[in-house]
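Chemist: Here is what each chain is made of, one letter per residue.
Number of protein chains: 2
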Amino acid sequence: MPGAAALGLAGPRFVVRYHLTGPEGAARALAEELRYEQTVEVHQEVVPPGPIREHLVGRLEGFQRLPSGVFEAALSFAIETVGSELPQLLNVLFGNASLNPGVRVARIEPPPEGFEGLPGPRFGRAGLRALLGAPDRPLLCSALKPMGLPAKDLATMAYQLALGGMDLIKDDHGLADQRFSPFEERVARCAEAVGKANRESGRRSLYAANVTAPSGHILRRAHSAKAAGAGAVVISPGLAGWDAVRELAGEAGPALPVLCHPALLGTFVADPRHGIAHAVLFGQLPRLAGADAMIFPTFGGRFAFSPEDCRAIVEGTGEPLGPCRPIFPVAGGGIRLERLGELREFYGRDVVLLIGSWLRLAGPDLIANCRRFYRAVTGADPD
Amino acid sequence: MPGAAALGLAGPRFVVRYHLTGPEGAARALAEELRYEQTVEVHQEVVPPGPIREHLVGRLEGFQRLPSGVFEAALSFAIETVGSELPQLLNVLFGNASLNPGVRVARIEPPPEGFEGLPGPRFGRAGLRALLGAPDRPLLCSALKPMGLPAKDLATMAYQLALGGMDLIKDDHGLADQRFSPFEERVARCAEAVGKANRESGRRSLYAANVTAPSGHILRRAHSAKAAGAGAVVISPGLAGWDAVRELAGEAGPALPVLCHPALLGTFVADPRHGIAHAVLFGQLPRLAGADAMIFPTFGGRFAFSPEDCRAIVEGTGEPLGPCRPIFPVAGGGIRLERLGELREFYGRDVVLLIGSWLRLAGPDLIANCRRFYRAVTGADPD
Numbered sequence: 001m002p003g004a005a006a007l008g009l010a011g012p013r014f015v016v017r018y019h020l021t022g023p024e025g026a027a028r029a030l031a032e033e034l035r036y037e038q039t040v041e042v043h044q045e046v047v048p049p050g051p052i053r054e055h056l057v058g059r060l061e062g063f064q065r066l067p068s069g070v071f072e073a074a075l076s077f078a079i080e081t082v083g084s085e086l087p088q089l090l091n092v093l094f095g096n097a098s099l100n101p102g103v104r105v106a107r108i109e110p111p112p113e114g115f116e117g118l119p120g121p122r123f124g125r126a127g128l129r130a131l132l133g134a135p136d137r138p139l140l141c142s143a144l145k146p147m148g149l150p151a152k153d154l155a156t157m158a159y160q161l162a163l164g165g166m167d168l169i170k171d172d173h174g175l176a177d178q179r180f181s182p183f184e185e186r187v188a189r190c191a192e193a194v195g196k197a198n199r200e201s202g203r204r205s206l207y208a209a210n211v212t213a214p215s216g217h218i219l220r221r222a223h224s225a226k227a228a229g230a231g232a233v234v235i236s237p238g239l240a241g242w243d244a245v246r247e248l249a250g251e252a253g254p255a256l257p258v259l260c261h262p263a264l265l266g267t268f269v270a271d272p273r274h275g276i277a278h279a280v281l282f283g284q285l286p287r288l289a290g291a292d293a294m295i296f297p298t299f300g301g302r303f304a305f306s307p308e309d310c311r312a313i314v315e316g317t318g319e320p321l322g323p324c325r326p327i328f329p330v331a332g333g334g335i336r337l338e339r340l341g342e343l344r345e346f347y348g349r350d351v352v353l354l355i356g357s358w359l360r361l362a363g364p365d366l367i368a369n370c371r372r373f374y375r376a377v378t379g380a381d382p383d
Numbered sequence: 001m002p003g004a005a006a007l008g009l010a011g012p013r014f015v016v017r018y019h020l021t022g023p024e025g026a027a028r029a030l031a032e033e034l035r036y037e038q039t040v041e042v043h044q045e046v047v048p049p050g051p052i053r054e055h056l057v058g059r060l061e062g063f064q065r066l067p068s069g070v071f072e073a074a075l076s077f078a079i080e081t082v083g084s085e086l087p088q089l090l091n092v093l094f095g096n097a098s099l100n101p102g103v104r105v106a107r108i109e110p111p112p113e114g115f116e117g118l119p120g121p122r123f124g125r126a127g128l129r130a131l132l133g134a135p136d137r138p139l140l141c142s143a144l145k146p147m148g149l150p151a152k153d154l155a156t157m158a159y160q161l162a163l164g165g166m167d168l169i170k171d172d173h174g175l176a177d178q179r180f181s182p183f184e185e186r187v188a189r190c191a192e193a194v195g196k197a198n199r200e201s202g203r204r205s206l207y208a209a210n211v212t213a214p215s216g217h218i219l220r221r222a223h224s225a226k227a228a229g230a231g232a233v234v235i236s237p238g239l240a241g242w243d244a245v246r247e248l249a250g251e252a253g254p255a256l257p258v259l260c261h262p263a264l265l266g267t268f269v270a271d272p273r274h275g276i277a278h279a280v281l282f283g284q285l286p287r288l289a290g291a292d293a294m295i296f297p298t299f300g301g302r303f304a305f306s307p308e309d310c311r312a313i314v315e316g317t318g319e320p321l322g323p324c325r326p327i328f329p330v331a332g333g334g335i336r337l338e339r340l341g342e343l344r345e346f347y348g349r350d351v352v353l354l355i356g357s358w359l360r361l362a363g364p365d366l367i368a369n370c371r372r373f374y375r376a377v378t379g380a381d382p383d
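Those protein sequences? They're chains A and B, same order as listed.
Going by this note's numbering, the residue at position 292 of the first sequence is 292; the numbering climbs one at a time, nothing skipped.
Going by this note's numbering, the residue at position 277 of the second sequence is 277; the numbering climbs one at a time, nothing skipped.
Hints are supplied without guarantee of correctness; some may be wrong.
Claimed, not checked - To give a feel for the contact side, a few chain B residues facing chain A, derived at Cβ under 8 Å:
#, residue
1, 81
2, 83
3, 90
4, 147
Stated by the list, open to error - Footprint (simulated), chain A over chain B, 3 or more residues, beta carbon under 8 Å:
#, stretch
5, 175-189
6, 263-272
The hints are simulated quantities; they were obtained by calculation from the structure and are not laboratory data.
These numbers come from a predicted model, not from an experiment.
For every residue, glycine included, the Cβ atom is placed at its ideal position computed from N, Cα and C.
Same shape as in the complex, but just chain A (with noise of 0.2 Å):
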């Protein structure tokens, strides 16, 4: 058998938190067969001796009883089980262990240096501000739809949200390239709707184009979205896989702030005995992949987020993470005019507040809708 070196097994180790589910026994032996089920995949006994069974099977480095009655477990992995490759990060992190019921990814501890081909976010929270020139107040954001409106509605819409104060004014998630509103057409209307909002307020309101495409499209639609006047990028990771988060705020993509979208990810968070948890997959994910700001449904909103899910969120997007920036959350989902208050509390300031329907429903004058609801978060006027 090749020794540790010729395995490369010189790295470092990096940890995941598991929490079990069960009673103690139950949990104990499931964390011994995540050794080996995130990594080598088969039985103990199949496992070669040598730097094999002694390095790229897991480690169970810690085993305890949480107040909460779950057990967590710490498994260290060689960081050359993951490679240089995200997807292979997300098969060490929770690949079959997704089969299991009762396990849960509560924290990744990557090793300081971070895990190799994963920078993290390219702007983050500093540089997203930087971009906006808004260095100290929560920013805000809103949507355009809905799907179906021509792209000179939508356009429509940009301008008098960027007029009424929006910094970031994304598209929805479900305009992707339908024949009522083309990707090329919308994008470039709308970017040029919310530059002409700029140049009239001396803002610097930013248009998010959404890139969630087929695989072979992502980064081309980026950088056409680029070239129009959009100022950052809105990506589905749940729809189009998370590498492509990646590869938008890496060296191939178009150098503008990521922001991610929820779809299709509810259900890692669904079952609190399971999946992965809400500062994992709103947080360190986003922030591993690269991500500038990460939306979710907060409470108060239409969705079941508690304000404790809501707290973990925000841990993971600013808690120390190798060498990844601090990103944004980005609280969404429902929120009406009338719990500003409430939100603005217990968030602070360093969130996004996205509003999208209410904004609309608070009267006829959407650019005066704005401006109250950006009157209502920072006690200013967006002038």
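With chain A held as given, fit chain B onto it using these hints.
Modeler: Chain B in isolation, oriented as in the chain A frame:
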């Protein structure tokens, strides 16, 4: 407002059956909400009157209480909401709905002509049988592992598995491009080894190279694998995104059978009240994406799927689905040799049985173990 024709709303509609958990009133309200949530994604008061409201908003075509007590809502959607892109089909299917508790996608009913751009599997059951020269028996599969073995040892294993009569010899899904067995070297050696075994045996075993990789590398690796002599590819859509399957199966792909691995997908079926039903996740979705075979963890192995779950998966791989051919269910996940009779009985002939570790634990001679496996499943010797 533009008319329905201008919106391109002349096409057919497709139906999604959702299973909703809860009291009837709440289930009905949720069904109504999904009409908007999965399409226009705005509060219904914001939807402009006319064709968007009449055609693009989902329609509730049926609502009934099932014997299990769950409510089934049949929603129809205009084909134009999807356009011709798989990520957007996933979005209409379960994008925001995944963020709601108590919603499960139970079935997709495409129009007879299917979805634009999604013709389904290139080979399907019949095509794969023709390639293998195995017109009517169950097929056999094993995997190359553990990770950490150098390419030459994996190739030796591939040679023995092919000589022993395995139809499909696949890379373990955790073999990516790590330095201990880089993709190019591994694939070249394993393809060569299976080719050598085929020349000696006169059979037509296929080596399936794992092409789960960062976005820009998947097609390139697939073509490189084909050039090296690989007869199939394997990909994990949970890790790489479902659209990567479509890309591999489509015109730009290598024209090889595509196997899918379930890594990271387990969460979607973990809670029977939420997510995506087994028949959809392991049957309909892979077919729509173009896979020719879908691996899942069978009952009687080390994961928690029930016989009913497995029966549903088999149905999903074979029942009518627009223009999509039937594909092979690949039952794996800890199959022991002594359970083969039961599994053979349960699955019948249109199945691939995948054995990993237990083929090696059965004795020191891997070729002899394969032949025992072959005999137990087919009642004959491989020669």
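Chemist: Determine for every hint whether it applies to the structure shown.
Modeler: How the hints compare with the structure:
Restraint check, residue 81 of chain B versus chain A: the minimum CB separation of about 7 Å is within 8 Å; hint holds. Taking 8 Å as the C-beta cut-off, the interface hint given for residue 83 of chain B holds, the closest approach to chain A being about 4 Å. Annotation: interface hint on residue 90 of chain B holds; nearest CB of chain A at approximately 5 Å, less than 8 Å. Annotation: interface hint on residue 147 of chain B holds; nearest CB of chain A at approximately 6 Å, less than 8 Å.
For the stretch 175-189 of chain B, the proposed coverage by chain A is satisfied: 5 residues have a C-beta within less than 8 Å of a C-beta in that chain, meeting the threshold of three. Only residues whose beta carbon comes within less than 8 Å of a beta carbon in chain A count, and the stretch 263-272 of chain B has 8; three or more means the coverage holds.
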